[in-house]
Amino acid sequence: MTDLLTVTDLTVRLKMDSGMREVITGTSLTIASGEAMGLVGESGSGKSMTAKAIARLLPDGAETLGSVVFDGVDVLALTGDELREHRSQVAVVFQDPRAHINPVRRIDDFMTESLRTLRDVPKGEATKRAAAVLEEVGIDDPAKRLRQYPHELSGGMLQRVMIATALLSEPRLLLADECTTALDVTTQAEVMAILDDLRRERGLSMLFITHDLELAGAVCDRTTVMYAGQVVETREARLLHGDPLHPYSAALVDARPDIDSTADRLRAIPGRPLSAFEAPSGCRFATRCSFAQDSCREHDQVITELDGGLVRCERATELRGKVREGAHV
Amino acid sequence: MLQFIAKRLAMLVATLLVASFAIYGALYLAPGSPIAALTGGRTLPPEVMAQIEARYHLNEPFLTRYWLWLTAAVHGDLGESIPLHESVNTLIAQRIGTTLQLVFFTAILIIIFGVGLGILGALGRGSVDTGVLFASTVSAALPAFAAAVILQFIFGVTLGWFPVIGTGEGFVDTVKHLTLPAIALAATSVALVTRVTRTAVREELDKEHVQTAVSRGLPWSDVVRRHVLRNAAIPITTIVGITIASLIALSAVVETAFGLNGLGAYLVQAAQNKDFAVVQGISLVLVVAFVITNVVVDIAYAVLDPRVSLGSRAQ
Amino acid sequence: MSIEILDPVADVIEHAPDTRRIPKLGFLGWLSVAVIAFALFLAIFGPMLAPYDPVVGDLSYSDVGPLAGHPLGFDYQGRDVLSRLLAGARTTIFGAGFVALVAIIIGTSLALLSAWFGGKTDTFLSAALDVLFAFPGILLAVVAAAVFGASLFSAALALAIAYSPYVARVLRGAALKQRAMTYISALEVQGFGAWRLTVRHLLPNISALIVAQGTILFGFAMVDLAAISFLGLGVQAPNADWGVMVSDGKTSLLLGYPLVSLSAVFCIVAVVAAVSFLGDRLESNSKGGNR
Chain A
1 MTDLLTVTDL TVRLKMDSGM REVITGTSLT IASGEAMGLV GESGSGKSMT
51 AKAIARLLPD GAETLGSVVF DGVDVLALTG DELREHRSQV AVVFQDPRAH
101 INPVRRIDDF MTESLRTLRD VPKGEATKRA AAVLEEVGID DPAKRLRQYP
151 HELSGGMLQR VMIATALLSE PRLLLADECT TALDVTTQAE VMAILDDLRR
201 ERGLSMLFIT HDLELAGAVC DRTTVMYAGQ VVETREARLL HGDPLHPYSA
251 ALVDARPDID STADRLRAIP GRPLSAFEAP SGCRFATRCS FAQDSCREHD
301 QVITELDGGL VRCERATELR GKVREGAHV
Chain B
1 MLQFIAKRLA MLVATLLVAS FAIYGALYLA PGSPIAALTG GRTLPPEVMA
51 QIEARYHLNE PFLTRYWLWL TAAVHGDLGE SIPLHESVNT LIAQRIGTTL
101 QLVFFTAILI IIFGVGLGIL GALGRGSVDT GVLFASTVSA ALPAFAAAVI
151 LQFIFGVTLG WFPVIGTGEG FVDTVKHLTL PAIALAATSV ALVTRVTRTA
201 VREELDKEHV QTAVSRGLPW SDVVRRHVLR NAAIPITTIV GITIASLIAL
251 SAVVETAFGL NGLGAYLVQA AQNKDFAVVQ GISLVLVVAF VITNVVVDIA
301 YAVLDPRVSL GSRAQ
Chain C
1 MSIEILDPVA DVIEHAPDTR RIPKLGFLGW LSVAVIAFAL FLAIFGPMLA
51 PYDPVVGDLS YSDVGPLAGH PLGFDYQGRD VLSRLLAGAR TTIFGAGFVA
101 LVAIIIGTSL ALLSAWFGGK TDTFLSAALD VLFAFPGILL AVVAAAVFGA
151 SLFSAALALA IAYSPYVARV LRGAALKQRA MTYISALEVQ GFGAWRLTVR
201 HLLPNISALI VAQGTILFGF AMVDLAAISF LGLGVQAPNA DWGVMVSDGK
251 TSLLLGYPLV SLSAVFCIVA VVAAVSFLGD RLESNSKGGN R
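Protein chains in written order, with my numbering: chain A, 1 to 329; chain B, 1 to 315; chain C, 1 to 291.
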């Protein structure tokens, strides 16, 4: 499999009231054709911004360094028509579907807009295709739904509409940004299942962004964990969940309550997640890491290969197999 | 949708009923007897007084009188002005044209400049936006009579570009005569509409659904037209409607300042002369116009925003 | 993985009115306050400061321009313009203040009643307000002038009544929001009565908005009241009042002596601009959580 997307050394700074603030530092990842990559992190980790950088949706005034290559094309250098073409190749499914659909236009207008405007597909044909995709995502009576307005559909249905719309333009890469977070658990499972099925059917690559490590593990081929704007681990999804390399990944796994066991307290990671610009020099996770030593705090951590995965921790080899709860150094 | 309109029309009728009752009833709040109020305190020969009593059914209960007045009004008969011995209808008909022309002209100014500048400010570069903000702040500080006086002085007296008094004959002349009054009347409204438009478009630009449209690779002009402006049209139409409705009362000030023979100016004169029938008649006309305009705004809002009339039927 | 805990204690702390903090106004904001303070000063002391009689003039000085000791010249009745401006501040500003105050009192009461009792009371009051909305302020003032005779009081009262529905509508929304908050329910459960809850808890939390609305209203009231006096239906000539002065000076202006009208216009515009700016600032502060 060739790499469809290659992100190398991506650094992003955003314009905030207090000045330019770095939110992503030297991040690299690759996604192969047809591969699903999970991108996991807490708020401020930079995961959403990474997706936005790939889709060229960063806010005004943002500074981007490094490179993003999609299908051989330098994404960061695109302008005008080529940029629009790129955007139609990379479909984004956002978190809150209700906020992302224009409330005053009908569903069929929303779904077919891209086809009609960019690919000159006549309205009748576009509507037929939209109806077909709606059925694929499990919506009954698509003809009726197409004539309705967004406020007449539930959140779960709207998210399916968003996914269907994303698929309509036949993209090569799907960016799902916390697309199930706003839904209740049952609907979440349904939507995830649909996403997974359709993705495999069409051979789509996917970048699945979530704060839920386990969810990523269930759906993705590989998972990348980010903290404070940096990649801290990239590994095969199931392995990462069962056998994490980085203390942060391990803490994330441990923090999820286990239904089979009882506990007096929920295990939380002490402190709060940092953004890139708030992080100290040296290892950015050191302030919350139970394995941190002085050397960690002194050296900026670099990515190294370990057991088929990538990890940013100088103690990774040493801590192999011992990072999860109960292990003491 | 039809249900919504029907509901709104029902409310309109109810409001007008109560309002007309209040207008009619106001007469009886006046100190002294109704006859004194109607005649404005003038003494008239007994036969005339008897005629007035008969005409205005002053010997009958209040509600009957109100009903008679209302039914006559609905049929187009607004009574008679006692001091002038003329039907109120005639007096109104003579002047309503001027007021309508003025309000129409002003409305066009408000829409073109208010909405236009607002969009310009929201979509344009920083310097354009600052310019628009500055212009609208200046404009906002000029209430109608202030603007009227200033405009009269600068453009009428000093520069002599526009006439300062009267209505003029023929189309071009009328336009010339109404230019300064329309600008004076429009000043604060333009400022308000510019501000609301600018805010509405700005807010819409930041909305997520606009980001979605951009993320799908749609051309910016399409995004602006179909998503930003289309959605911003909702609050913009509302504020334009409201400001135009407010012109109805404000026209009195500008008409007086520029010596225009319109309904508003005449209302003021009638109030000063205590010509009660005229005051009632014109008030009714103005209130009806005002309420109808507001209902039109409500309906336009419902047309533009499907969430309003259809309600939420989420499954 | 995150659990949202409803924290009633935090709710209370967050929503206790913070009356000690000075509002953030910025340079222009404080400038506006200065202008308003100066206007208030003139309103109170103006007539006493006027060097010449503002009401009775010397006709031989009719429409004469600025002279020594008369920096703004004379009006058509030979009265010193500066003196008239100083004296006129009183009716203009206090009149507007009266309107704003009464409108706020009526509007707030209606809003609180609507918000507290809800249901039928709310529907009824909203319908009543809808009717009141049908009457533009100036129209009501003109009718009042016709019925009761032209005077500042009738005009001011009419305007106040016409403004109340706007106040009521804005405050009703805010009051409803407060009413629905958990800390009110918590206090209700403890047995506190409606009156006490409304006055001691609900009211202070919308007070910032009330002050903002009052300020904005004051600006509108000043303009409308001056307009009504301009029309001859408010303050009556020969009293000094900025609105009356604008009207007085019109003939002089058309003859090329604009100072009377323009100086009055300038004063009105300056105060109204200051008040509008301040009102806007206060309103955005009250919404932006500057507590």
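Misleading hints may appear alongside valid ones.
[Stated by the list, open to error] Interface residues of chain C toward chain B, partial, derived using beta-carbon atoms under 8 Å:
(1) Leu59
(2) Leu101
(3) Ala150
(4) Gly232
(5) Leu233
(6) Val246
(7) Gly256
(8) Pro258
(9) Ser261
(10) Leu262
(11) Val269
(12) Val272
(13) Ser276
[Claimed, not checked] Some residues of chain C that are not near chain B, with every Cβ distance over 10 Å (derived):
(14) Pro71
(15) Arg196
(16) Asn205
No lab work stands behind these hints: they were computed from the structure. Every residue gets a Cβ at the ideal spot worked out from N, C-alpha and C, and that includes glycine.
How the hints compare with the structure:
1. Leu59: With a minimum Cβ separation of about 23 Å from chain B (threshold 8 Å), the hint on leucine 59 (chain C) is violated.
2. Leu101: With Cβ-Cβ at 21 Å, over 8 Å, it is violated.
3. Ala150: For alanine 150 (chain C), the interface hint holds, since the closest Cβ of chain B sits about 7 Å away, which is under 8 Å.
4. Gly232: Holds, about 6 Å.
5. Leu233: Hint on leucine 233 (chain C): holds, closest Cβ of chain B at ~6 Å, below 8 Å.
6. Val246: Where the cut-off is 8 Å and the nearest Cβ of chain B is about 6 Å from valine 246 (chain C), the hint holds.
7. Gly256: Given a least distance of 6 Å, the restraint on glycine 256 (chain C) holds.
8. Pro258: Proline 258 (chain C) check passes; min Cβ-Cβ to chain B is 5 Å, inside 8 Å.
9. Ser261: Because about 5 Å separates serine 261 (chain C) from the closest Cβ in chain B, which is inside the 8 Å limit, the hint holds.
10. Leu262: holds (7 Å)
11. Val269: holds (5 Å)
12. Val272: This interface hint holds because 6 Å falls under the 8 Å limit.
13. Ser276: holds (7 Å)
14. Pro71: holds (19 Å)
15. Arg196: Check passes; 35 Å lies beyond 10 Å.
16. Asn205: Given that every Cβ of chain B is farther than 10 Å from that of asparagine 205 (chain C), nearest at about 26 Å, it holds.
The structure fails to meet hints 1 and 2 from the earlier list, while all remaining hints are met.
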